[in-house]
Amino acid sequence: MTTNQWIQLIVCLGVLVALAIPLGLYIAKVFNGTSFWGEKWLGWLERFFYRLGGINPQEEMDWKTYALAMVLFSFIGGILLYLQMRLQAFLPLNPDHQLAVPRAVSFNTMVSFVTNTNFQFYSGETTLSYLSQMALTVQNFISPAVGIAILMALIRGFVRKESKHLGNFWVDVIRSLVYILLPLSVIFSGILIWQGCPQTFRGSQKVQLVSPLIYNQPVTVQGRNTTQPMTIIHQSIALGPVASQEAIKMLGTNGGGYFNTNSAHPFENPTPLTDLLELLAILIIPVALCFTFGSLVNDMRQGWTVFAAMFILLVPMIYCCIHFEQVGNPLLNRIVTGSTKQNPEGNMVGKEVRFGVTDSSLWASFTTASSNGSVNAMLDSFTPMGGLVPMWLMMLGEVSFGGIGSGLYGMIVFIILTVFIAGLMVGRTPEYLGKKIQAFEMKMTSIVILIPPLLVLMTTAISVICGGQGVLNPGAHGFSEILYAFTSMTNNNGSAFAGLSGTTLYNLMGGIAMWMGRFGIAIPVLAMAGSLVQKKNIPESTGTLPTHTPLFVFILVAIVIIVGALAFIPALALGPIVEQLKMIAMTMH
Amino acid sequence: MMKQFRIQLKISIILAVISIIVFGLIYPGIMTLVGQLIFPYQANGSIIRLHGKKIGSALIGQSFTQPDYFWSRPSATTPFPYNASNSSGSNLGPINPDLIRHVQLRVEVLKKANPNQKGPIPMDLVTSSASGLDPDISPAAAQYQAARIAHVRHLSISAVQQLIQKYTQGRWLGIFGEPRVNVLELNLALNQLSNTKNFKK
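In order, the protein sequences belong to chains A and B.
Sequence positions in the first sequence follow this note's numbering and run 13 to 601.
Sequence positions in the second sequence follow this note's numbering and run 823 to 1023.
It is possible that some hints are incorrect.
Said to hold, decoys possible - As a list, the in silico SDA-like pairs of lysine to any residue whose alpha-carbon atoms are at most 20 Å apart:
no.	chain 1	residue 1	chain 2	residue 2
1	A	LYS218	B	VAL929
2	B	LYS875	A	LYS353
3	B	LYS933	A	SER351
4	B	LYS825	A	GLY66
5	A	LYS76	B	ARG828
6	B	LYS832	A	GLU72
7	B	LYS876	A	THR212
8	B	LYS933	A	GLY350
9	A	LYS218	B	LYS825
10	B	LYS933	A	ARG346
11	A	LYS353	B	ARG828
12	B	LYS825	A	ILE67
No lab work stands behind these hints: they were computed from the structure.
Just so it is clear, the structure is predicted and the values come from calculations on it, not from any experiment.
Could you put together the complete structure from these sequences and hints?
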């Protein structure tokens, strides 16, 4: 790595943590049950939601009601979204006259946005009306708010003693929306507009090209395919309410782009400044929640432990990604500079000049470490090892910061596994934050940890058995495209090796994988919270394993890596690893 | 449980509808209002006008392949390059034979168009971008073409190089992003330079 690359990495991570700590403490204030200064400003909006919804904010829910409300809310939101996409041709705000979205794609997209995945088997500017895009924005707000709510229920499971209640789902969702997501999005979209993201309801703009373009248009003459030169003198520039969607897309670990090429599109991410801010926006809330957690369990050291473990999982991966992209593709280096060794720009295939290799690699790591899934470079064209990094970060189960709420509750499940394993070693009943970890918690933990690898490997296997349709690249890379897609969907990430096209099979199976990957984990987590909340608090004794030491961080990181590696190394060996070996072999002759 | 189901279902439906109004309509609506009032140029796509005619967006690249203009990067949009209503990368994998072939072909074309250039070819000039609409090329890629432009336009090399320098944007705060030259702005400035020179004659 060059000096500039180190500086970019260190400054970016430094600013991120410096902003996340105060935000985390602020979020703790939103949820600690007492009134705080924000209510003076936005309390009216909160009360407006309660009044219209007929919600009594004082009412408490047990885990079953809490889970029921969560599933119903996501389900209803999904149905409305599905109808919107199917009926968009008859609804207003469709200046470019988009037709109804096909059934399978609508289903996949609906699940995708409801589960905070935002995988996209469609191209935004050629498929969706402005109203459909705005309907997606709604789920961009709701799905992270639901994630925060689940996390809060789990935290209450640890904090409360001998109770049945985990809080009120509606209060948690509405407070996340009103005090966290909405204000941040308003500020952020303002900055984005200033930097050049469009925000308009007018249709595409037609401009006259400075230099007319001649291209060979494929035509069929008397049944024979041939080409015919055609002169293009206009460019039709797609626009829309981009900035408002972009802001919450980045802040809410959503990642579903307004345009086909996501944050690589100059209208979504026009300058290096917006790139930096969007990078920070990807991780800021997931990082902040570590400190919220520490504050709410009244022991900041626990928050720092979780943060440290997540940080250690992420940083070496960033280094790897930047390194391999900077070395570049030896086969292309040879053509361009005559030497297979690195060229100054690195691997520029599918990257934008304003971001270069560094910002693109940083983004690829951030977006898959969190469950954001936006991209500012085409991951499909990364070098094999550079592309392995984002795949690996997702395979860890989206716990190195992960999605909003989901990353932290996923990590807490790994912590429970860790204290259990450590407890077995010393022959003592494991406990965490004063709560005994018993058979029921371990059952739920096993479910949560086994579901993602099971889904990823099965869906990938089925796709390959069915002929591996829709892949763009031959050989091992084609397999990587499929493996990546189902890893991304199951773990609710949403990024893609975008060469893969969405067949009906992928759309349907992916939709199911996303739904299971979200609720197959959220419901056991809530059940666990429901069990924990009933337990007594046991005071710390000399036999208690302290969960805030560097030793504990080390064991935790090791267990996350071992679980991920055991499940996925064989699959990775068939994809990026064999491709890397092949690339080296091709370089030799 | 049935009673709970009915209560929660009712709240879900009401809240889903209010959310659509608040986050789907009011929020983008207000941001559009703010954008149109405070930053109308950016909010409408940073459209550049020349003599009142719209000739492009400062943020969206255009295809330049004539010898008298600085060339943009290759673009993988369909059906023709730099189609700004269908952004797309090539998505070709690193050892895909198509990728190798494309790059080889572009190198040949580039060498033929710039016969006096013996140095290494800037990678960004022979690889397609992520969006297919990349408005920029690297300063090295602009310098690579300077001699050709000067020759075709009967300008001095130093004048062309000065122009490149003038339109090179550095890293933000000297740290973030990469140095770059906006091809459309550079070519418009180039036209202006040629015009003033012809006028003086």
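Against the structure, the hints come out as follows:
1. A:LYS218 with B:VAL929: Cα-Cα ~32 Å, so violated.
2. B:LYS875 with A:LYS353: 47 Å, violated
3. B:LYS933 with A:SER351: 17 Å, holds
4. B:LYS825 with A:GLY66: 15 Å, holds
5. A:LYS76 with B:ARG828: 14 Å, holds
6. B:LYS832 with A:GLU72: 17 Å, holds
7. B:LYS876 with A:THR212: 17 Å, holds
8. B:LYS933 with A:GLY350: OK: LYS933 (chain B) and GLY350 (chain A) at ~14 Å, within 20 Å.
9. A:LYS218 with B:LYS825: Measuring from Cα to Cα gives roughly 56 Å; hence the hint is violated.
10. B:LYS933 with A:ARG346: 15 Å, holds
11. A:LYS353 with B:ARG828: 66 Å, violated
12. B:LYS825 with A:ILE67: Between LYS825 (chain B) and ILE67 (chain A) the Cα gap is close to 15 Å, so the pair holds against 20 Å.
The structure shown violates the earlier hints numbered 1, 2, 9 and 11.
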